[in-house]
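Novice: Chain by chain, the residues:
2 protein chains.
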Amino acid sequence: MTETTTAMQQPLFNKIVIIGLGLIGSSIARALKTKQAVETIVGIDNNPDMLMDGQTLGVIDEIGTIDGASFENADIVIISVPMGAIDSIVSQALPLISADTVITDVASAKQSVVDAFRATTDGKTPTNFVPGHPISGTEHNGVRAGFATLFENRACVLTPLPSTDSTAMTTVQTMWEICGAKVATMDISHHDSLFAATSHLPHMLAYTLVDALAKKSDKQEIFKFAAGGFRDFTRIASSDPIMWRDVALLNKTAILEMLAVYRQELDELTADIKNNNAVAIEARFRNAKTARDALL
Amino acid sequence: MTETTTAMQQPLFNKIVIIGLGLIGSSIARALKTKQAVETIVGIDNNPDMLMDGQTLGVIDEIGTIDGASFENADIVIISVPMGAIDSIVSQALPLISADTVITDVASAKQSVVDAFRATTDGKTPTNFVPGHPISGTEHNGVRAGFATLFENRACVLTPLPSTDSTAMTTVQTMWEICGAKVATMDISHHDSLFAATSHLPHMLAYTLVDALAKKSDKQEIFKFAAGGFRDFTRIASSDPIMWRDVALLNKTAILEMLAVYRQELDELTADIKNNNAVAIEARFRNAKTARDALL
Chain A
-18 MTETTTAMQQ
-8 PLFNKIVIIG
2 LGLIGSSIAR
12 ALKTKQAVET
22 IVGIDNNPDM
32 LMDGQTLGVI
42 DEIGTIDGAS
52 FENADIVIIS
62 VPMGAIDSIV
72 SQALPLISAD
82 TVITDVASAK
92 QSVVDAFRAT
102 TDGKTPTNFV
112 PGHPISGTEH
122 NGVRAGFATL
132 FENRACVLTP
142 LPSTDSTAMT
152 TVQTMWEICG
162 AKVATMDISH
172 HDSLFAATSH
182 LPHMLAYTLV
192 DALAKKSDKQ
202 EIFKFAAGGF
212 RDFTRIASSD
222 PIMWRDVALL
232 NKTAILEMLA
242 VYRQELDELT
252 ADIKNNNAVA
262 IEARFRNAKT
272 ARDALL
Chain B
-18 MTETTTAMQQ
-8 PLFNKIVIIG
2 LGLIGSSIAR
12 ALKTKQAVET
22 IVGIDNNPDM
32 LMDGQTLGVI
42 DEIGTIDGAS
52 FENADIVIIS
62 VPMGAIDSIV
72 SQALPLISAD
82 TVITDVASAK
92 QSVVDAFRAT
102 TDGKTPTNFV
112 PGHPISGTEH
122 NGVRAGFATL
132 FENRACVLTP
142 LPSTDSTAMT
152 TVQTMWEICG
162 AKVATMDISH
172 HDSLFAATSH
182 LPHMLAYTLV
192 DALAKKSDKQ
202 EIFKFAAGGF
212 RDFTRIASSD
222 PIMWRDVALL
232 NKTAILEMLA
242 VYRQELDELT
252 ADIKNNNAVA
262 IEARFRNAKT
272 ARDALL
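Going down the list, the protein sequences come from chains A and B.
Each step along the first sequence adds one to the number in the working numbering, with nothing skipped, and position 33 is 14.
Each step along the second sequence adds one to the number in the working numbering, with nothing skipped, and position 91 is 72.
Be a bit skeptical, because a hint or two may be false.
Here are some chain B residues the structure puts well away from chain A; computed CB gaps all over 10 angstroms [as the list claims (entries may be wrong)]:
#, residue
1, Asp68
2, Arg99
3, Ser147
Pairs of lysine-lysine residues, derived as DSSO-like cross-links and limited to a Cα-Cα distance of at most 27 angstroms, are as follows [to be verified]:
#, chain 1, residue 1, chain 2, residue 2
4, A, Lys197, B, Lys163
5, A, Lys233, B, Lys197
6, A, Lys205, B, Lys233
None of these hints come from the bench; they were simulated from the model.
Ideal Cβ positions, reconstructed from N, Cα and C, are used throughout, including at glycine.
Assemble the whole structure, with the sequences as input and the hints as a guide.
Specialist: Laid out in structure tokens, this is it:
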């Protein structure tokens, strides 16, 4: 065993501003603090409780607002508000952020975020903006729901544009790697259709099931006799309704496409059941089981 | 502390025959053995591996077949085969089982099981038959997947018929209580529509989703980027395809009814997304979240 001495190291980042101290924003803050990767984290949120809690919990160092001083000399500004608020945040904040500051976001669909930037900049996407999407979350929300290991060993997809500056890209990639994420890159339209399939559609289906059952007269009894399978299947229906309303509307094209595919498949299963087509039903279920088992 | 001496007690049941040593059958055997509630468990299965494993694991005491000797002097015969096999099992076994032996089953839908009995007895349901349905399971199957605590604190629904003997009913109820289950009773048609909603429909939806995605050309990538929500949502798609094919066909009417309700709700959500009806989308999601959160 050799004795090692650790010199006091300067954190990699001097100042990071997080707009939106929800599950994702506050978890990034916690992860970066845990790794001692940042000197100062400034939190901005339209809900004063989130800011107070953020400061009390030591998640942020300073409370900021959308103004020049809050963004001054920031290495990175992270936009982690619900998707429906991005338009308004970008139009207010973008003119106040220096071209030397890297901007990124965490939204579940990327085209609408790029559109929000373009709307503010007469069609040109700023070269310092790196669209991002961490593939992690829980059904809980708010600053208290966050935790430092949320991104550990999870994918984080970045969808740089041709105009995106490569230094900005490296900065955001490094930030996510410090948070424990495995960074992948993808083009925007591919991202938006991929996650419509794997994430957005399941949320639509789970919400629809629970909503449908909750409308039934015997709902008390239905939920009373719900077993473990039902609980797991519907966990994502406990997710933030605002966030998912926004995803539904802001990744509309890709989600409608997947809903149409799903409806077609469900109609085929329904026909197979009606026609007592045991072979076809079993083949579907077996194909699904094989694919699902391979996930593990 | 007082010293207590436990007298050697006679087990409550002398002999129990379990036809079908899968997840449920073998878990009943384990639970009854753990509680020392039975002298001898006879296992019957058309798969010799299940019987060998069952004996090696100590889950059963004897290997039986569908014959008079196997059923002789049994307190209870439990039919825990896949639903599609019940017809044939009942027609072979019922004539060999004494009226003094209680018969029960564990199928997820009850009318078709009663019909199978009636088909064998010229329309009369034997008074010693108590239809049952333990509300527990996992996505695994086979004798090795079972465990003694599977039914602990879970519901078990019995659906006695007007003709069911009350002593037989008490015997089955006692057996389930020994296994740790909370017994509820319900009429058959109510049972079948309730579980079509809370269990059968979710399985149909999960299988359909995974099957639909597994057919897509980019399925590798879809599953690669699947997050925790997807894994939970689709866990039940790893369930036994044979079992669920049988449920789909043998609770057909109630399942088709629920599929129609679901399709209608999904069409409404689709229309709301198409029409950018943010208020309606949020209301649905919020209603679902409230109901789902109340489950916990």
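Novice: With the threshold set at 27 angstroms, check whether the alpha-carbon distance from Lys233 (chain A) to Lys197 (chain B) stays at or below it.
Specialist: holds, 20 angstroms
Novice: Does Asp68 (chain B) sit more than 10 angstroms from chain A, CB to CB?
Specialist: Non-interface label on Asp68 (chain B) holds, nearest chain A Cβ at 13 angstroms vs cutoff 10 angstroms.
Novice: Would the non-interface assignment of Arg99 (chain B) survive a Cβ cutoff of 10 angstroms against chain A?
Specialist: holds, 20 angstroms
Novice: For Ser147 (chain B), is the shortest beta carbon distance to chain A beyond 10 angstroms?
Specialist: About 24 angstroms separates Ser147 (chain B) from the closest Cβ of chain A, which puts it past 10 angstroms; holds.
Novice: Has the given pair, Lys197 (chain A) with Lys163 (chain B), been kept, meaning a C-alpha gap of at most 27 angstroms?
Specialist: Holds, at roughly 25 angstroms.
Novice: Straight-line Cα separation of Lys205 (chain A) and Lys233 (chain B) no greater than 27 angstroms?
Specialist: The given pair, whose Cα atoms are some 23 angstroms apart, holds under the 27 angstroms limit.
Consistency with the previously given hints is maintained throughout, with no hint failing.
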